[in-house]
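Line by line, the protein sequences are chains A and Z. Per numbering that gives the first Met the number 0, residue 0 is the first one in the first sequence, and the count goes up by one each step. Per numbering that gives the first Met the number 0, residue 0 is the first one in the second sequence, and the count goes up by one each step.
The set of hints was computed from the structure by calculation and includes no laboratory data. Here the structure is a predicted model, which is why all the values come from computation and not from measurement. The reader is advised that the hints may include incorrect statements.
To be verified - Here are the simulated lysine-lysine pairs, DSS-like style, with alpha carbons at most 25 Å apart:
| no. | chain 1 | residue 1 | chain 2 | residue 2 |
| --- | --- | --- | --- | --- |
| 1 | Z | K1 | Z | K15 |
| 2 | A | K195 | Z | K25 |
| 3 | Z | K72 | A | K314 |
Unchecked claim - To be clear about the criterion: a stretch of chain A counts as covered by chain Z if any three or more of its residues have a C-beta under 8 Å from a C-beta of chain Z, and this derived list gives those stretches:
| no. | region |
| --- | --- |
| 4 | 120-131 |
| 5 | 153-165 |
Heads up, the beta-carbon is just placed ideally off N, CA and C, and yes, glycines get one too.
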Amino acid sequence: MKTSFFQRRLPRLVVATLVLVAWWLVYRNLAGLAGWLTYSVVGLSSGSPLGAAVEFFIFEAPKVLLLLVLVVYGVGIVRTFFTPERTRALLQGRRESAGNVLAALLGIVTPFCSCSAVPLFIGFVTTGVPLGVTFSFLISAPMVNEVALVLLFGLFGWKVAVLYLGTGLFIAIIAGWVLGRLKLERYVEEWVYATKTGNAMQEEALDWPARLRLGGEAVRDIVGRVWLYVLLGIAVGAGIHGYVPENFMASIMGKGAWWSVPLAVVLGVPMYSNAAGIIPVVQALLGKGAALGTVLAFMMSVIGLSLPEAIILRKVLKPQLIVIFFGIVAGGILIVGYLFNLVL
Amino acid sequence: MKKIQILGTGCAKCLKLAAVADEAAKALGLEYTIEKVTNLSDIAGFGVMFTPALVVDGTVKVAGKVPALEDVKKLIA
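Start from the sequences and build out the full structure, keeping to the hints where you can.
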């Protein structure tokens, strides 16, 4: 007798539900657990710097890792619906403005790693995706990513995560649009447009078990790569949390210091791939009097502007275009930084 | 004679894919050559936008990920 679809899937559904419930229970009770472990089990006195640091770490580290696993799994499944080929097909021949918006949005869900930025760039511009639209994608894809959003949500709350998402998209759209208006095609290396792009891959049809498996692979791949940075970042953050005096950062990264935003952007450029480790540190600094706009600018600069990416893109872009590209994105980040320091 | 090509600019995943493809071909007892394609315009010429990619006898089989050994065996067999 053939079992129905539902009967075959039932055991797995039960397991999945149990896992989610367990996840939720642990997540909800972490705060109490961290306090109990720190002050009752380890026996640190409450109010001591060491106690504050240890409690911070025991609370934040598992919380962020739990969130990461769940969100990366979900995003990993969503990404199986968005291949670079499909994204390109959606963007081909788009008019600029609408194309920039679409490209920035697709940048969030299309699988991307900076090591394939170049083949992707060639694949886009040689098949009729406008240069500015391609840039919107290339800005949004690394900057607005699930790891950064999870860390922001876990450590700062949903408002900052949404702000980051919104401003990240805004910068990608505007910077891509401006770059498109400037007609910079002549600064793309000549051989790029001369490349005859093949039409690769027949798309493989994926069923749900395969999509779920790919979600699991994404967790292994991404969480496997960043967990150490997350823990290190939270450990440093915990130290700052316990030991650095209140308002210590106000003079350096506070609203009063006008130069703090550009400085944050400049400092952010050489830092790369440690975004996962930097956000917890930055969060702790914020608690000591740093201004939110400055902190956002720093984060965007770390994640969105990186020297290794510039070096990779140099293969297809002439130096002038790289400078213009970085200049415009940095300008967008500066505006965001000042804006939030003014408004909030 | 199978011609296996690994497209990629030398990232960690590209090396891993090359190793897996090599192992799979050996396990199948194929006669084969394996070659790494690192030139960007050649990679683009295959229409690949997401490295690493596995090409067998000129056809792109996988792009953007490193499949399990068993899956690679099926792809190159």
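Structure-based check of all given hints:
1. K1/Z / K15/Z: 20 Å, holds
2. K195/A / K25/Z: 33 Å, violated
3. K72/Z / K314/A: 34 Å, violated
4. 120-131: Satisfied; 4 residues make the cut.
5. 153-165: violated (count 0)
In the structure shown, a violation is registered for the earlier hints numbered 2, 3 and 5, in ascending order.
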